[in-house]
Structure formats: structure tokens, C-alpha cells
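Q: Chains as they are written, first to last, in my numbering: chain A, 1 to 344; chain B, 1 to 383.
I should point out that these hints are in silico values taken from the structure, not numbers from a laboratory.
Every residue, glycine too, gets a C-beta built ideally from N, C-alpha and C.
Accuracy of the hints is not assured; some may be wrong.
Claimed, not checked - Taking CB as the label site, the calculated pair distances span: (1) B:A298 x A:F161: 30 to 38 Å; (2) A:L58 x B:T86: 52 to 60 Å; (3) A:I54 x B:T221: 37 to 45 Å; (4) A:P106 x B:G275: 54 to 62 Å; (5) A:H173 x B:A212: 23 to 31 Å; (6) B:G130 x A:G69: 42 to 50 Å; (7) A:H173 x B:T219: 30 to 38 Å; (8) B:G184 x A:P106: 31 to 39 Å; (9) B:S179 x A:F161: 24 to 32 Å; (10) B:T170 x A:V310: 38 to 46 Å; (11) B:T129 x A:W40: 39 to 47 Å; (12) B:Q157 x A:A170: 34 to 42 Å; (13) B:A359 x A:N78: 56 to 64 Å.
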Amino acid sequence: MSTIAPAANGASWAPVDGVAATLADRRARPGGRLYAAVRWGGAALFAGVFALLIFVLLHESSSAFAHMGITILWRGWNPAKNQYGAGVFAVGTLLTTLVALVIAVPIGLGTATFLAELAPRWVAAPCTVLVEFLAAVPSIVVGLWGLIVLTPLFARHVEPFLKDVPVLGALFHGPPLGASILLAGVVLAIMILPTIVALSRVAMSGVALADREAGMALAATRWQVARRVVLPGARRGIRAAVTLAMGRALGEAIAVAMVVGNNTAFPHSLLAPGATLGSAIVNSFSEANPGTLEKSGVVALVVVLLGISVLVNAGGQILLRARKGAPPPRGPVEEILAVTGPAS
Amino acid sequence: MPLRRRLPALVLVAVVAVGAAACSSSSSSSSASTASAASTAGASSAPGGTLGGTADTTTPAASLTGAGASSAQPFLTRAFYDYNRTNPKLTVNYSAAGSAVGISDIQAGTVTFGQSEIPMSASDQAKATGGPILQVPIDLGGVAISYNVPGAPTNLQLDGNQLADIYLGTVTDWHQIDSSIPAGTTIVPVHRADSSGPGYDLDQYLIDTSPAWVTAIGTTTASKTWPKANVGVGQQLNSGVATYVKQTPGAIGFVEYAYALQNGFTNAALRNTSGSYVAPSIASIAAAGSHATDLSSANFNIVDAPGNATYPLANFSWSLIYQKQKSTDTGIALGKLLDWIATTGQRNAQPLGYAPMPANAQAVAHTALLQLQGADGSALFAS
Numbered sequence: 001m002s003t004i005a006p007a008a009n010g011a012s013w014a015p016v017d018g019v020a021a022t023l024a025d026r027r028a029r030p031g032g033r034l035y036a037a038v039r040w041g042g043a044a045l046f047a048g049v050f051a052l053l054i055f056v057l058l059h060e061s062s063s064a065f066a067h068m069g070i071t072i073l074w075r076g077w078n079p080a081k082n083q084y085g086a087g088v089f090a091v092g093t094l095l096t097t098l099v100a101l102v103i104a105v106p107i108g109l110g111t112a113t114f115l116a117e118l119a120p121r122w123v124a125a126p127c128t129v130l131v132e133f134l135a136a137v138p139s140i141v142v143g144l145w146g147l148i149v150l151t152p153l154f155a156r157h158v159e160p161f162l163k164d165v166p167v168l169g170a171l172f173h174g175p176p177l178g179a180s181i182l183l184a185g186v187v188l189a190i191m192i193l194p195t196i197v198a199l200s201r202v203a204m205s206g207v208a209l210a211d212r213e214a215g216m217a218l219a220a221t222r223w224q225v226a227r228r229v230v231l232p233g234a235r236r237g238i239r240a241a242v243t244l245a246m247g248r249a250l251g252e253a254i255a256v257a258m259v260v261g262n263n264t265a266f267p268h269s270l271l272a273p274g275a276t277l278g279s280a281i282v283n284s285f286s287e288a289n290p291g292t293l294e295k296s297g298v299v300a301l302v303v304v305l306l307g308i309s310v311l312v313n314a315g316g317q318i319l320l321r322a323r324k325g326a327p328p329p330r331g332p333v334e335e336i337l338a339v340t341g342p343a344s
Numbered sequence: 001m002p003l004r005r006r007l008p009a010l011v012l013v014a015v016v017a018v019g020a021a022a023c024s025s026s027s028s029s030s031s032a033s034t035a036s037a038a039s040t041a042g043a044s045s046a047p048g049g050t051l052g053g054t055a056d057t058t059t060p061a062a063s064l065t066g067a068g069a070s071s072a073q074p075f076l077t078r079a080f081y082d083y084n085r086t087n088p089k090l091t092v093n094y095s096a097a098g099s100a101v102g103i104s105d106i107q108a109g110t111v112t113f114g115q116s117e118i119p120m121s122a123s124d125q126a127k128a129t130g131g132p133i134l135q136v137p138i139d140l141g142g143v144a145i146s147y148n149v150p151g152a153p154t155n156l157q158l159d160g161n162q163l164a165d166i167y168l169g170t171v172t173d174w175h176q177i178d179s180s181i182p183a184g185t186t187i188v189p190v191h192r193a194d195s196s197g198p199g200y201d202l203d204q205y206l207i208d209t210s211p212a213w214v215t216a217i218g219t220t221t222a223s224k225t226w227p228k229a230n231v232g233v234g235q236q237l238n239s240g241v242a243t244y245v246k247q248t249p250g251a252i253g254f255v256e257y258a259y260a261l262q263n264g265f266t267n268a269a270l271r272n273t274s275g276s277y278v279a280p281s282i283a284s285i286a287a288a289g290s291h292a293t294d295l296s297s298a299n300f301n302i303v304d305a306p307g308n309a310t311y312p313l314a315n316f317s318w319s320l321i322y323q324k325q326k327s328t329d330t331g332i333a334l335g336k337l338l339d340w341i342a343t344t345g346q347r348n349a350q351p352l353g354y355a356p357m358p359a360n361a362q363a364v365a366h367t368a369l370l371q372l373q374g375a376d377g378s379a380l381f382a383s
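Extracted from the complex, chain A is given alone in its bound form (with noise of 0.2 Å):
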């Protein structure tokens, strides 16, 4: 680890007294005061901005909150009947992510373990590259393909085939549209799976190589190496990657406004039509008049959506720090820099 800790038996050290003066000097100089200004602003400024959005946010949809009271948590969305609940839409989009999770997270390591562990060089160097380029993808590109190609696919072929797989064929009931739940989360799938295997990537070759040295030298096999070395080692950068793509896909709007089938019936299967908070945001928001119920009721969707990222999140980290002591709480940012050591 990198960073520069004090001194080891935790006793306090004082700085020389040259090094005292010089900090006292150069604090007293106006262009310290002036960098004082500029951090202590700069931090104000973001705090300042973050409170005028949660506040915006919660003035423009304090009607519909006041109209729909808590309900609005569960009750669906029905504007000729002036109903704006959430409660579709919020379990639309929870299960569009999980179904992109249950896809993309296990690919995604197998894909990273392959590039960092396994591949030869000649073939992981351009991989690589490939990734990376495919997780600056614009969402729009990759919803107009699954529009385009992955949609008649599905319903020809694939939604039909799940139909029938005994079990499993529960989840997929329903006559098959195409558009639906499933295709959404196996779009937004596509989508975040390059951003897990991109940073799952970086968080295993920041793994120690004399950790993988004394993993050899007990006679492991590189897969052996891989799974249980290096994978635990990277831990909290792949917690990292799939933090920050499950963000992504909570999120996602148009693409799946594209593939969801816009539905505002409860999801009662996979193959069901359906909707998600960002895909009703980004269909409802520009028709609703100022002004009136329905428009606070579409900010109301934008503040259960930022209720439910945060929720999800800050559940997911709780829940994986409980296990295991109490490391000092980091964003997902950090836990990447953290194993990939400062930008040199």
C-alpha cells in the first residue's frame, strides 16, 4: 500500500521547528490564504449544488408526494386517473439490474481473470484495449442495437426457447413481444459488462506478484493462482467495478426506453413488457405541462430513483463490510486508486 502512515507504535510526532515555521510562513502568505479559499470554496460549491438538487428536486415533486402520500413507494402509474406511483417502475428497474447483474458479473470476472491471469500477452494486450474502448460506448448505440437486432431475436427465438425450459421456465411466462424485462437487463448486460471487466482488470493485476509468486511455489496451478490468490486480492476492487455498474444500470434511460416495451402493468414474468424509472422519466418528462400533477409526479420518479441508487448501494457496501472487521468506509473511486496505487 501506498499510502504514508505515521509512525508505526502510534505515538505523535512533532514537526522540526525549522519545518513549524516555514508551514506558519507560507500559511500566513496570501496565496495561501487564497488556496485555503479555492478548497474551501471549491468543496462548498459541490456541497452547495448537491443541496440545491436534493432541494429542487423535492420542491417540484412535493405535490405529487402530498398527493400520492406513501403509497407512492408501491402504487403504479395511471395519469387519466391522476396516479403517479413508483412502485412498477421502481421494481422494473430493480429487476432489469438484476437480471444485467446475474449476466454481466460472472462473464465479467471470468472475462477479467482470462485478461489478467490467463491470457498470453499477444492476445490480452489488444483485449485490453478493446474493453476499454467498448466501455466509453454510448447507451444510446448499444439500445438502437438491441432494438434493431437483439428484439426480433428474442421474439422469435430466444423468448420462446426460455418458455420451455422446464423450472427455470416459470420466471418466463406470457406471450413473447420481444421487448420485455429480460431484453432490458441482457441490454444493459452488454452495456456495464465492459466497465466491470475494465476495472476488475486493473484491481487483480494490482495484486502483489509475491503473493502469485508464493501461491506457485506451493505448487498451484495458474488457475488455482487465479482463484484463490488473486481474486480475493482484488476483492474490493471488483466490489469496486460492480458498484459502479450497477449504478450505471440503475440509471440507464434511453436504452432501455428503447427495449423495455414501455409497459405500465406489473411485471409478472421476465418476458413481460415492462418499465423502468429512467425509461418513464425520459418518456413522460418532456409531455407533461408545467405546472401540473403529472410533471411533479415524473420528478417524484427522479427522487425515488435517487433514493433507491443510494439505498442499493450503501446496502451493498454494509453489507459486505459487516463480515469482515471494520476497514476504513472508501467510494468505489478510491478502492480502485487504492489497489492501482497514485496515478504515475
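Given the coordinates of chain A, work out where chain B should sit on it, guided by the hints.
A: Chain B in isolation, oriented as in the chain A frame:
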């Protein structure tokens, strides 16, 4: 600006191109061209002269922006291009973001004109920030019920009850609709995810013809927002529905007839009030329009118009503009453009899948445009 949906295939900006040089050289002389426009008006003192429905070259240079219905977009794009050939000083940017956006944008005053198949109601107009609204019919179109069903006959006939069954989800197999279609062919009902003129028309048709539909939606007032969004697949704009129908076997959707023609769709023949089944065509849409003898923005509905050869799903598309124009030049340019589109410009309708507007609808447009005013409240055009 309100948030716009930025699906690339959907938001199309129709730019009537003008050479940059011509544009910059003419912009400085716009007041001069206004003066020349006034001089051609002869005895009249109206700055815009008379409205003759011609693309005369005395239109002031102007850059107009419009937003709204995607149903009117193919026609408008072609009409702007046609007008621009004789009148290169005018540029129009049109964003096909949907009728609802057309109405909210003109209410907010962020565009020169909005476009909608459903005219603004009194309460819509009350929310307009720039004063009284003029509503100008500019095209006559129809809504096709297009289907992509392997093994289906090309002349499928549907009545209101069958369509309601499909869109309520009570019938899910094409075999139940037409026994010649193999059993097990899933019906994929496609509707609009945004509010729309075609959705309003079909809702109106189903309300008129299917008691089951009325029971299910619980109202007899047609809505631009699709009332049964909990059945089938929703897509944005005509282009979104058309794309989905085109690529999904078993799909059925409602799109502006122009889009159905462009995509080479097979369209269902619908049962009209006389009991005959009529497919959408220029002639059958024109027949619906010919019954709009008392057309106005308050009396716009031509769904289920009478007549043996009438297609039951037709509508006019309305341009929404402010009566009082802040800029005289823009107002004159806008008035001349719309008057031309409503009259001479109708020559572009037929090849694209719209019916030319009947004479009385053209007169409604002309009368509305004559009420255009400058910022000081004086008339822009002489009657």
C-alpha cells in the same frame, strides 16, 4: 428548453438549406425586403400585403422553428423544401418530437409554430404565454393499422371489437382473429409510449365502436395518452412504432398512413359507420375529409365520418401559432409559408400518403392566417 428525447432516428431536424453566403448577405437587408413587400401590397397598408397562397420572392428572410407531430413530418419536410426552391431566403427547422411537445413548446413560446393533430383546447390555450393562439389546418392524413403477421392475408378486415380485443389483451393469438393464420402466432400489440394524434384517433374509434373498450378504459373521452399502456409494447413516435412493427413477427401497430407507405406495410381494412371495410388510401382518407364541412379547431374530429367509401381513422394536422407576432418579418414569413402549404403546397400531399385538403379546410387556414398581427396589434395581411 424542455428535455427532448434524442433518439437519433426519431428527432429529425428538417433543415431547408440555404447557402451560408446568401444567408449572411440577405440578413442585413431584411428591413429593406419588408419595405418592398409592403410596396407590392399596393393600396393596402398591411406590411405583408395580401395572402395569395403563392411562394413569392418578397417574403422577408427569416428563420423559423417548429416542433410537434411526427405524423405531419414527412409532408412538412417536403413542403418546406418545395417552398424554399422559389423562396430561398426562408429556413425552417422542424423537430418531430410529438404533438404534446408541439403544444407545450408553443405554450412556452420557444418555437415559431407548434404542430398537432389534436388542436389546443381552451384550457391548453389559457396556458399559452404569448396571448391568443391561431390554429391552422395544413394537412389531411390517416392512421393505418399496420400488421406484420407471417401467413396472414393481405386484406385483413378488422372491426372495433376485434381491435379492442387485441389492444385490451383479451385475444393473444392471431388464429382467433383470422382462422387462416396458423394457431400459435402471438399477437404483439404495439402502441405509442408518448401521447399522440394517431393514438387519440384510434382511441376515439374504439370508444365509438366497442363497448368492451369503453368499459375497460372507464371513459368516453378520447385521450392523446394511450389509455391501455399496460398491454403490449409502447414505442416513441410514429417511427418507433413503425420500426417495431417492421421487425417483429406478429406485431400490429397504428401509424400515420405516410409511415405505413414508406415502410411498405400491409394495412388492415377497418369497418366504417356504413358497415363496409375500407383500407387506408388517398381516396378513402379524402372521403373522410370531405365530410368536415364545418371544420374548426373546436370541431376537428373526423374519426368515423359517414360514407360508404370513408376510412374511419383520419385527421387534419394543425399548425399552432401566436396571433400576435413579436417580429413583423417572422410573422409575414410564417403567414405566407403556412398559407402556401395549405393551398399550393397540397400538391406534395398525395405522393407521400396524405390527401389534399378540401377547399373549405383551405379556407379555414386562410381565414386564421389573416388574423395574424404584428407586435403593435396591427394586421400583417390585407384581406
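Q: Now tell me, hint by hint, if it's right for this structure.
A: Structure-based check of all given hints:
| no. | hint | result |
| --- | --- | --- |
| 1 | B:A298 x A:F161: 30 to 38 Å | 54 Å, violated |
| 2 | A:L58 x B:T86: 52 to 60 Å | 55 Å, holds |
| 3 | A:I54 x B:T221: 37 to 45 Å | 38 Å, holds |
| 4 | A:P106 x B:G275: 54 to 62 Å | 60 Å, holds |
| 5 | A:H173 x B:A212: 23 to 31 Å | 25 Å, holds |
| 6 | B:G130 x A:G69: 42 to 50 Å | 38 Å, violated |
| 7 | A:H173 x B:T219: 30 to 38 Å | 31 Å, holds |
| 8 | B:G184 x A:P106: 31 to 39 Å | 34 Å, holds |
| 9 | B:S179 x A:F161: 24 to 32 Å | 27 Å, holds |
| 10 | B:T170 x A:V310: 38 to 46 Å | 42 Å, holds |
| 11 | B:T129 x A:W40: 39 to 47 Å | 42 Å, holds |
| 12 | B:Q157 x A:A170: 34 to 42 Å | 38 Å, holds |
| 13 | B:A359 x A:N78: 56 to 64 Å | 43 Å, violated |
Hints 1, 6 and 13 from the list above are not met by this structure, while the remaining hints are.
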